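S.K.: Both chains are sitting in their own frames, so use the hints and assemble them into the complex.
Line by line, the protein sequences are chains A and B.
Mapping of the first sequence onto my numbering: residues 85 to 179, in sequence order.
Mapping of the second sequence onto my numbering: residues 183 to 529, in sequence order.
No incorrect hints appear here.
Cross-link-like lysine-lysine pairs, in silico, DSS-like; alpha carbons within 27 Å at most:
id, chain 1, residue 1, chain 2, residue 2
1, A, LYS91, B, LYS515
2, B, LYS442, B, LYS336
3, B, LYS279, B, LYS442
4, B, LYS388, A, LYS91
5, B, LYS279, B, LYS336
6, A, LYS132, A, LYS91
7, B, LYS515, A, LYS132
Partner residues are not named here, just some residues of chain B that face chain A (Cβ under 10 Å, in silico):
id, residue
8, TRP394
9, ILE396
10, VAL417
Output of the computed footprint for chain A on chain B, the stretches with three or more beta carbons under 8 Å from beta carbons of chain A:
id, segment
11, 221-234
12, 370-380
13, 398-409
Derived from the structure by calculation, the hints contain no laboratory data.
Owing to the predicted nature of the structure, the values given are computational and were not obtained by experimental measurement.
Ideal placement from N, C-alpha and C gives every residue a C-beta, glycine not left out.
The residues making up each chain are set out below.
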Amino acid sequence: MRPSTGKTVEILQDGNVLYTFDLSRTEDQVIEVFYQNRSNTVQIQDGKICVQAAECPDQTCVHMGYLSDSGLPIVCLPNRLVIQFSNAELDGIAN
Amino acid sequence: MRVNGKWYFHCLIPALLLLALCGCGKSAESAEHSFFALDTYITMQATGPDAEAVLMAAEEQMQARERQWSVTNPDSEIYAINHSDGNMVEISLDTAKLIQFALDMSAQTDGALDPTIYPVLTAWGFTTGSYQVPDQDTIDELLSAVDYRNIHLKDSSVTIEDGVQIDLGAVAKGYIGDEVADLLREQGVTSALINLGGNVQTIGTKPDGSLWRIGVRNPFADGNLGVLQVEDMAVVTSGGYERYFTDEAGNTYWHIIDPKTGYPADSGLVSVTVAASEGKRCDALSTALFVMGPEQAADYWRSCGDFEMLLVLADGDIWLTDGLNNTFTLSEKDTNREVTVIRHETK
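The following block holds chain B by itself, in its conformation from the complex (with noise of 0.2 Å):
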């Protein structure tokens, strides 16, 4: 083999960098980890210094949520602030924010979205899996308990009314979604998506700087509406087809419960998609906006603007804000759906 002068170049300087990438100190790198938590499956992919580590550092901190405020866990606060027979219960600040988040919620959407709402639940069955359709003076009487304004929060203290029982799902993955953003972010990942059962939260772009492709459920069939180009966003859906159970006679109960009727929502939606810079804000929303229904749901938006929403509608059109306009592509075989851009200047 002839050897000429140029060899370092060829064999000197690659293996200088090679030293020099595997040298110690934080470079950026990609990891993935997935599990199951919060009674659904987390996949987690993320870039950034360490990321293999900030990533099992962001499922300790969902777990020891979990443990904090899940509904049937007996060493909850949620659970003490359950069983306190109308006693004020001290509670962590973390606890607090999150009540008085979900309180503020539901005095924005004046009571669509209501955290007392879980007797009812439990009584369609949806909390035990055995699914019924209760009597109406068992709705009635369980009804007379839910009212958000029957918890009283102040500072750390919280009291509930006799019979009330206050449950965060509605809004709990959205709110540990969003502590997990802030913690990657802290950790200088720069690039991630997160994905609590559905409850979708991107930190960026992905790392080769395009948009993240999320798709939408078709809530009428196998398969995705269509997809939303994201970046540095949260996207929520809440649907009817996620849970729900058919009675004898062919009619279909789901988990979305009217707060006033005590009955599965009516309004004339099938899902809604809420994409918004907080995760709690989505899930918060596409709660009540469920609830709502799509003209009070346009009006909502009109008046608040602070986000974006795809409504599906119960006969197949589909009504999204202007702002996602440019970011969902629907799929091929849906092109021929009724689309209507929702606008902020009325008629």
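Pulled out of the complex, with its shape left as it was, chain A reads as follows (with noise of 0.2 Å):
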């Protein structure tokens, strides 16, 4: 099994796994996911992802910014998003 680079990433719906990425090889791009119709624009840049822009009351996940490897994940509430490290260093965040 190829050894893990740690920064493979997964964007989720609904708990259900829409893309994987490894942040450290893939093409800088940007997806739109759509959920009834509201969209989350989704950015991969140098190695990064974030929510770029959301059609979404509270724009909580533009707010997040950046995926950061402190365990939190990027998640839209109302569009059910959730974009995650899949190998995270902590088992869970406090917050």
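M.R.: Written out as structure tokens, the structure is:
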């Protein structure tokens, strides 16, 4: 089995993995994810991932900025979207 | 191929083992499940017989509790209480227990926790998303109805006074987390971690016997201040940084309101992390201690002692109780922070 680079991210919608990327290898790109006609625009650039724009009332997902390896996933509650590292170093974050 | 007498070690026994493991009957398995409920993202992992089925049952239980206790759901018991026009309302035993717990914690913390703060929270926009600073008259008027003693609970009947609105949001996640942990333990789960949007509950140790590693968020920047290593405990953090808005002048207002002033608690703390065996206690205390401030929180801990806590002060210092001294490790980039250990004996 190939060793994990530790930079593998998953984009999930309603608990289902839509995409998996190795951030250390993947090309810069923009992905639009839809949930009930509302979109989240996910940006991958320079090995980092964030939600660039979102059609949701609170914009919490956008304000979270780049996914950091501190362990907290980027979550868009209204659109059931989660972006997380698949190999988290910690088991949970008290928040 | 030469066949020798030892072929059964290489073929038959592994085959028999395989058959035994695939047999019917409950053997321990590990499972994971994540979903959205209680206005947050919930993740669970568990090891035990039929772990997959147990986690699905746990989700159903949480969804049911949300329907029962949500302040905004018109079919919830809480909604019924808040729309009772001063009349007595019959509630279920479970809801009565939850309310009794909230009232007990309010009394124990001398009102630093108060489940009647909801109208003030709404005036600031924290329930609607339309943030604003209410004028003093509005705050004074709304504060007149804020007092946990305005909730009259007797057995399974509750009456609230005119203008009073009850919201169990400050204790519900911890309470529900405890119920889920009980369910999992009853079903033979020996190792689990449930994370209800930052309210962490653990059962036992990790499957390999090592302690669970729980990050404590840095209130000032991205990343974690450090890691707590725990087993069989709940860990809950309350922080101003979780929900706040900034006005045009650059002032920050967060969602943890001091029930005595009607303003965001300004006690010198930016986050409080509580670790204890019961999630509901952690949940209630993390809010109450935030309102109390560091000195009062330390005094409270000395008088109770059945929990541990880590306080992050506005100036960046950390205070932690001596029970956490050996379980908390500061992140490398935070090792120059001033750390004070709170002990039982006073000067």
